[in-house]
Each structure stands twice: as structure tokens, then as C-alpha cells.
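Peer 1: Sequence:
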Amino acid sequence: MRRAISTACRTVLILGLWAALTASQAPTRPVDAREPPAASAASDAQAANALKVQLRAVEAAESQILPSWLGAILSFVGTCLVLWSLHIARASNAISRQALMVTREGTENAIRAYLEVGDYALMIDDRGLITPSFVLTNVGRTPARRVNVVWAVGELPAADAPNMDLVPTYAQAPLRISHLSAGGSVTPEATAFDPMLSDDDDMGPAHEAVVFGSVDYDDIFSDSVRHRTEFCAQVVIRRDYSKPDRVGWSFTPSAFHNATDDDCARPPDPW
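Taken in order, the sequence shown gives residues -19 to -1, 1 to 252; the numbers are from mature numbering (1 follows the signal peptide of the UniProt record, and there is no 0).
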């Protein structure tokens, strides 16, 4: 294609120069028969030299076309490569950032504080009053902050989940702890209550006496994400009325209201 364009350019240029030369040699006056042949030959030689000079100029211009064209192509390719490299760098940076965030989140979840409730127990005094208790333990690997414990003792239909706002309960004093170290534990103070409402004979199979509540807390990694643990255990009290000083009891985890974080029935309460 390049050769065809070059040939066409040369042809057009030669025809134009030849037309100009012919026009310049057209007689404007009667030809003097006595004009010496040397003058005509000199004029032809000058025209031929002029044509050669112009042809060389055309060839020189043509010789610069390919390097210029190649330079433009290389410049375009280089620009494309730079843009592509920038795109790859940005994509790699985004992937690395996402991987770092996932790794960080996984690490934080692995070592953050986790509060669990267990070791339920009952204390029975000489008046026959019952005082329930449990142990709150940080089973995580880092401290918990701004811990708030709300709990109660009461009875409710066996098929219902406990609700601190609706179920009649023996509400216990809330417990607030600013810091609970990893592996640390605490036993909330409880108020004694009369276990008559929890007797099997009084309640029947349709009700449960329960110890239930919630624990809200923060970990050390975030001030905006608060965690929650909901707990509930059925209290079974067996009284021997022929021997009032003998009272038996046991705790059984309830099928309701035992959950953590997103599985809880209610969102965490603020500190």
C-alpha cells in the first residue's frame, strides 16, 4: 500500500512538472530560425535538473513517512501499556486491600472477647428462699469493655421466649463492668425469692421457671460494633413437703433465648 501511494505521488508530481515545463517552453513569439541550438539544450538541461531536485525532495519526504508512522505507533502502544499497567496496579491494590481487610476481620474475630454464661447454681437459706446465680466468663483472647448485664428470674409458658418487658419476673440488679479481661469471670449478685412459684406441683408441665437475661459488651477493636449474648436456663425445683428442709434443684438450658450477636432476639443495648 505504501509503495502504491509513493508511485502515485511521483506520477502526479512528474506530470505536473512536465506540464509546467511544456508551458514554459511554449513560444510566445515567433521562433527565430537563427536561434542557436545550444540555448535550447541549456534550457532543457535546467528543466531536467529542476525535475531531479524536486524528485529528490519527494523521496526525502517519503523516507521520513515510515519512521514518523512507526514512532506514532510506538508512542500509542507505549501509552496503552502504561494505562494497562496502571489498571493492573489499581486492581492488584484493590485485591490486596480486600485480602488485608478479610485477614484483619478474621484475626479480630478469632481473638476478640466472647462472653458466655454458665455454672448456674442455687443457694437455699434456712428460710427456704432461693438465690440463683451464674458465672459470666470472657472465653475470648482479648478484654471486653463496657459490659452490661440485665437478668431476671421468673416463669413463662414453656413455648414462649422470655421477654424482659412483658414477662412478670423477679428482676435482678443490673451489672455494669467497664473492663473484663480475657479469661476473667464475674458472678452477678442476685436477690433471693420464694420458690413456691417454681414448684412442679404449682406450675404444671405448661410453664417453666427460668433464669434469663442478656449481656451486651464491646471488644477492643471497634467502638461502633457492640456484641450481645442472650441466655436462658430452666430452673427445676423439687421439694419434699414431708421434709421441708430438703429441696432439690437443677438447671436445663432452654430451647429459647440462647444466642449470640446476629442470632439474638433483640439488638444490643447501648452502654
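Please note: incorrect hints may appear among the correct ones.
The calculated lysine to any residue pairs, modelled on SDA-like cross-linking and capped at a C-alpha distance of 20 Å, are [stated by the list, open to error]:
1) K33 - S44
2) K33 - Q45
3) K33 - S49
These aren't lab readings, by the way, just hints derived from the structure by calculation.
As the structure is a prediction and not an experimental result, all values here were calculated from the model.
Peer 1: Below or equal to 20 Å on CA atoms is what counts here, so check K33 against S44.
Peer 2: 16 Å, holds
Peer 1: Against the 20 Å threshold, does the CA-CA distance of K33 and Q45 hold or violate the hint?
Peer 2: Measuring from Cα to Cα gives roughly 19 Å; hence the hint holds.
Peer 1: Would the pair K33 and S49 pass a check requiring their Cα atoms to be no farther apart than 20 Å?
Peer 2: 25 Å, violated
Hint violations for this structure: number 3 only, all remaining hints satisfied.
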